[in-house]
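Engineer: Two chains, each in its own frame: build the complex with the hints.
Chains as they are written, first to last, in our numbering: chain A, 1 to 284; chain B, 1 to 325.
Incorrect hints may appear among the rest.
Short, incomplete list of chain A residues facing chain B, as computed with Cβ under 8 Å [claimed, not checked]:
1) D6
2) H163
3) L167
4) D181
5) A187
6) A193
Just so you know, these hints were derived from the structure itself, not from any lab.
Just so it is clear, CB atoms sit at the ideal spot from N, CA and C, and this is done for glycine as well.
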Amino acid sequence: MGKSRDSIAYFQAAPLMAVLLAFLVVPIGMIFVVSFWGATEFSIYPAFQLDNYAFLFSSPVTYKVFFATFKYAFITWVFTLSIGFTVAYFLAFHVRSQSMQTALFLLCTIPFLTSNIIRMISWIPFLGRNGIANQTLISWGVIDEPLEWLLYSDFSVILAFVHLYTLFMVVPIFNTMMRIDKSLVEAAYDNGASGLQTLWHVIVPLTKPGIMIGTIFVVTLVMGDFITVRFMSGSQKANVGRLISNDIALLQYPSAAATAVVLLCTVLIVIGVLLRFVNIRKEL
Amino acid sequence: MGMNGGNDLQLVNLTKKYGGTLAVDKIDYHFKAGTYVCLLGPSGCGKSSTLRMIAGHESVTDGSIVLAGSDVTHLPPAKRGTAMMFQNYALFPHLSVRDNVAFSLQMKGVDKATRDAKSNELLELVDMTSFADRLPAQLSGGQQQRVALARALITQPKVLLLDEPLSALDPFLRIRMRAELKKLQRELGITFIHVTHGQDEALALGDELVVMNNAVIEQAGSARDVWSAPKTEFVARFMGGHNVISLDGGKAALRADDVSLGDQGLNATVTTVEYQGGNVAVTARIEAGEEVLALVPEAAFFQFPKNPGDTVNLAWDEGRLHRLQ
Numbered sequence: 001m002g003k004s005r006d007s008i009a010y011f012q013a014a015p016l017m018a019v020l021l022a023f024l025v026v027p028i029g030m031i032f033v034v035s036f037w038g039a040t041e042f043s044i045y046p047a048f049q050l051d052n053y054a055f056l057f058s059s060p061v062t063y064k065v066f067f068a069t070f071k072y073a074f075i076t077w078v079f080t081l082s083i084g085f086t087v088a089y090f091l092a093f094h095v096r097s098q099s100m101q102t103a104l105f106l107l108c109t110i111p112f113l114t115s116n117i118i119r120m121i122s123w124i125p126f127l128g129r130n131g132i133a134n135q136t137l138i139s140w141g142v143i144d145e146p147l148e149w150l151l152y153s154d155f156s157v158i159l160a161f162v163h164l165y166t167l168f169m170v171v172p173i174f175n176t177m178m179r180i181d182k183s184l185v186e187a188a189y190d191n192g193a194s195g196l197q198t199l200w201h202v203i204v205p206l207t208k209p210g211i212m213i214g215t216i217f218v219v220t221l222v223m224g225d226f227i228t229v230r231f232m233s234g235s236q237k238a239n240v241g242r243l244i245s246n247d248i249a250l251l252q253y254p255s256a257a258a259t260a261v262v263l264l265c266t267v268l269i270v271i272g273v274l275l276r277f278v279n280i281r282k283e284l
Numbered sequence: 001m002g003m004n005g006g007n008d009l010q011l012v013n014l015t016k017k018y019g020g021t022l023a024v025d026k027i028d029y030h031f032k033a034g035t036y037v038c039l040l041g042p043s044g045c046g047k048s049s050t051l052r053m054i055a056g057h058e059s060v061t062d063g064s065i066v067l068a069g070s071d072v073t074h075l076p077p078a079k080r081g082t083a084m085m086f087q088n089y090a091l092f093p094h095l096s097v098r099d100n101v102a103f104s105l106q107m108k109g110v111d112k113a114t115r116d117a118k119s120n121e122l123l124e125l126v127d128m129t130s131f132a133d134r135l136p137a138q139l140s141g142g143q144q145q146r147v148a149l150a151r152a153l154i155t156q157p158k159v160l161l162l163d164e165p166l167s168a169l170d171p172f173l174r175i176r177m178r179a180e181l182k183k184l185q186r187e188l189g190i191t192f193i194h195v196t197h198g199q200d201e202a203l204a205l206g207d208e209l210v211v212m213n214n215a216v217i218e219q220a221g222s223a224r225d226v227w228s229a230p231k232t233e234f235v236a237r238f239m240g241g242h243n244v245i246s247l248d249g250g251k252a253a254l255r256a257d258d259v260s261l262g263d264q265g266l267n268a269t270v271t272t273v274e275y276q277g278g279n280v281a282v283t284a285r286i287e288a289g290e291e292v293l294a295l296v297p298e299a300a301f302f303q304f305p306k307n308p309g310d311t312v313n314l315a316w317d318e319g320r321l322h323r324l325q
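Chain B with its partners taken away, still in its complex shape (with noise of 0.2 Å):
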C-alpha cells in the first residue's frame, strides 16, 4: 500500500474525564503515518481511554483528534478511517469465520458473492483460509487473534488499533503473535496503535514508544531513546533494566548491565542472587540503604560466584549516569 504521508494522527489537548475523575489530561501527540506505536503505561495510567476515544468507544470531553487533516473527534467509529482490535477479539460466535470478517461488508449491503471474496482475501492475508467456515469457539486464541485482525483491516483503516491485543495468549505464542504483528503492519505500511502494559512487548514491537502514567504522557521517542535515556524516575523504574540511585541532590539512572562486581568500588552486601540464563541479576544493599541491581554476563559470575548475605564492591563508570528530572 505504500506511503500514506498524508495519514497522520493528532491528538490536540485531548481530555477525558469520568464524572470528577481526570482519566487523559490535555494530551497532544503527534503519530507519524506507517509506524507502529506503543501506548505503555500502568493500568489505570489513561493508555486505554486514550486509544478508545481514537477509536470512538468512548466520548471525548475536550480537545481533538485529526486524522488525516480532518476533524474526527465525533465522528461515530466506522467513519473516522480507523479499525479496532479488541481485546478478547471480541469475534461474533454465532458466525463462520468467514462471515465474521465479511461483517462490515454485509453492514454495507455488499452482495454475498463479492463479500465473500474479500474476505477470503484477507484470510488468506492472515494465513486462516483453511478455517473459513468454522466458528470462533473451534479456534485456538491465536487464531482467533489473526480473524479479529482480518475483520479489522477489511475496512482497510488508516490506523489500526490494538487494545492489549497478546495479553489473552500464553507466552509462548505472545512472542509468536507479536513477530507476525510488525511483519504484517511492514507489509500493510499503516499506522498500527498497540496499547500494552508490559515493555518487553513495546521494545520489540515499537517503532516508537508512548509512555503514559497519571493521565498524562511521560515520556515519547523512539524505542531505543526511551529505554537508554528514560526521562523521569517513573519511567526508568517502568522500564525496567535501569537502577535509580540518589545523588548530591538529585537521581540518575544507572543501567544495570553497566554495573560490574569487582575488588574496587562500593561496598554492598548481596541480598538476592537470580540466575536467568545470559546474565546473573545480582541485587545488593549499598551502605546508603539503596538496592542496586547489577546484571552480570554468566560466565564473569561464575568466575566469582557470590551468594546472598556475601560482601561485593559495586563499580560503574560515572560517565554512564544518566540524570533525571
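The following block holds chain A by itself, in its conformation from the complex (with noise of 0.2 Å):
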C-alpha cells in the first residue's frame, strides 16, 4: 500500500522532474561541462583543463567588470527598494478603498505590458545630446550646454535598470503589507508610537521578508543582464554579462562557459547570504 503510494506521487511529479531535468539541469550541466573545454582561434576540442578559470582568475578585467556588475546591482537595489517601498507603502496604508488599490496596482503594471527593449530605448531620445532633457534644461536656463552624462553613462544605465525592475520591488513588498494586520498600526499609535517610529519599529520589520524576495529578484535580474549595459551606455561600459555575450560572438564558448559559471556561482553565493539574515519561507 505505502509503495503503491510512494510510486504514484513520484509518477505525478515526473512531468515536472522531466521538465526540470531537460530545461534547467542538462543545459547547466552542459556549460559546466563545456568550461573545462579547450579553444584555439578556430575551433574548440572537448578536453578537461582549467585554462579558462585560470585566464579567468588572471585576468585584471574580469574583476573589474565583476566590481562593475556589483555596483551596479547594489545602486539599483538602492534605489529599486526607496522607490518600491514607498509606492507598496502608499498603496497599502493609505489608499482605504479596495476597488481604488487595486486600479492602482494596475496602473503601475501598464508599462510592463510594452517588452524590455522598447522601455529602454524610449529613454534614448529623452536622454540624448539634443534630446528632451537636454532641450528643457537649456530652455529653462537652467544648464548652458547640454549635460554629456545623460546618456551612455551609468547614469542612463541605472536609470534603465530602475526603470525595468522597481515593479519587482513593488509586488512582493505590497503582497507581504497587504498582511499586516491594520489593528497593529492602531496598537502602535495607542502605546504612543509616532508615524515614523510606527514604520521602523513595526511596519519595516514586518516587510522584512517581502523586501528580501523584492531584493533577491532585483539582484538577480541586473547581474545576470547584458543588453541594457550595452544599449544604455553605448557599449562603453561593461558587465560581467557582457564579457560572456562577446565571449560567445566571437565563438570563445568555452571561455563564455567558465564566465556564466563563475557568475552563477557568485549570484547564488549572493543570495545564501541575504536568506541568511531573512526567513521567506512563510511567504511563498
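Structural biologist: So, in C-alpha cells, the structure goes:
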C-alpha cells in the first residue's frame, strides 16, 4: 500500500521533473562541462583543462567587470527599494478603498505591457545630447551646454535598470504589507508611537520578507543582464553579462561557459547570504 | 492604587457620523472612576464606535469626551490616559512578549534595563513571567490576551478600553478569563470599559451596564437593575430570560422563571422543550398567538413531564409583570 502510494507520488511529480531536468539541469550541466574545454582561434575541442578559469582569475578585466556588476546591482537595489517601498506603503496603508488599490496597482503594471527593449530604448531620445531633457533644461536656463552624462553613461544604465525593475520590488513588498493586520498600526499609535516610529518598529520589520524577495529579484536580474548595459551605455560600459556575450560573439564558448559558471556561483552566494538574514519561507 | 475619585469619564453629546450614516447619536454618559462598565448591544449599535472614539482611534463628529476634568476629545490616543486592548490583541508578531509589553516605554526612549524591569513587573501581574522570551505566535489565545493586558496597563491608564476581549477565546477559556479580568480590575481600581454583544458576559462582569441600540443608549444602570427592570421591549428581549407580553394597549415584561406550569391559568400548547440542566425551558403558544417561555426547575418539570403538542396551563403572579415604555 505504502509502496504503491509512493510510486504514484513520484509518477505525479515526473512531468515537472522531466521539464526541469531537460531545461534546467542538463543545460547547466553542459555549460559546466564546456567550461573545461579548450579553444583555439578557429576551433573548440573537448578536454578537461583549467585554462579558462586560470585565464579568468588572472585577468584584471574580470575583477573590474565583476566590480562594475556589483556596483550596478547595489545602486539599482538602493533606488528600487526606496521607490518600491514608498509606492507599496502608499498603496497598502494610505489608499483606503480596495477598488482604488487594485486600480492603482494595475496602473503600476501598465508599462510592463510593452517589451523591456522598447522601454529601454525610449529613454534614448529623451536623454540624448539634443534630447528632450537637455533641451528643456537649456530652455529653462538651468544649464548652458547639454549634459553629456545623461546618456551612454552609468547614469543612464542605472536609470534604465531602476525603471525596468522597480515593479519587481513593489509587488512582493505590497503583498507582504497587505498581510499586516491594520490594528497593529493602531496598537502602535495607542502605545504612543509616532508615524515614523510605527514605520520603523512595526512596518519595516514585518515587511522584511517582501523586501528580501524583491531584493533577490532585482539583484539576480541586474547581475545577469547584458542588453541594458550595452544599449544604455552605448557599448562603453561592461558587466559580466557583456563579457559572456562578447565571448559568444567571438565563438569562444568554453571561455563564455567558464565566466557563466563563475557568475552563477557568485549570484548563488549573494542569495545565500541574503537568505541568512530573513526567513522568507512563510511568504511562499 | 486606591481610589481614583477624580478620574471620572464623561461623554457629552457624543456623535459619530460616517458619511450620511449616524453611528452614535448625541449620547451622554458619566462613567464613575473605578467601575467595571460593560457596553452592550447588537452589532452595528454604535458600541464599538463609542469605544474607539474614547480611545482616540476614531474622530469625533460632534460633542466631547472629558477624562479627569480635562477635555481629551482631540488628543492623540497615548495622551489621553486611556489604553486599548484590541479584539484580536494586536500583539506585534516580530517582538518577544517582553518587548511587546515594553513597546510604549521604548517609544518614549526609556533605556533597555529600566523598561525590561518594568515589563517584567507587568508580566508578573498577569502571571506570564515564564513566557517573556517567547513570540506571540507561540502562545495560546488566553496567554496572548494576558500579554495584551500587560501591554495596555504598562502605560498606567486611568481607563482601560476592551474591545470584545473574550470573543476570540473558546467558551471554557472565556469564563476563566472573565474572572481574571474582573479580579484584575478590582486590584487595580481603574475604570474598565468593556464592549461585548454577549449579555451573559456583561452580567457576569459589569458593575454597570450600558445597553445601546440604533446609535443611542437604550438603558443604563447596575447589572441587576437592567436585567430585572428592563425599560423597553428591546432591552427585555436583548437581555434574555424575559417574555414580552401584550397587555391592554401596552407591553409588559415577565421573567421566564416567574412563569409556572400548573392546573390553572392560561391555556397554551407546548411548542418546544429544552433541557438546560438546572432548568427546563418550555416554550408554549397561548391562545392569543404569542409564545411564552417558562423556565421550570428541573425537579418540578420531571414530576409532570410535558412534550411538544401537550396542553398546559401557564400561571404567574400579576405583581411580577413589569410595564415597558
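Engineer: Please go over all the hints and tell whether each is borne out by the structure.
Structural biologist: Hints and how they fare:
{"no.": "1", "hint": "D6", "result": "violated (33 Å)"}
{"no.": "2", "hint": "H163", "result": "violated (33 Å)"}
{"no.": "3", "hint": "L167", "result": "violated (26 Å)"}
{"no.": "4", "hint": "D181", "result": "holds (6 Å)"}
{"no.": "5", "hint": "A187", "result": "holds (4 Å)"}
{"no.": "6", "hint": "A193", "result": "holds (5 Å)"}
In this structure, the hints that do not hold are numbers 1, 2 and 3, in rising order.
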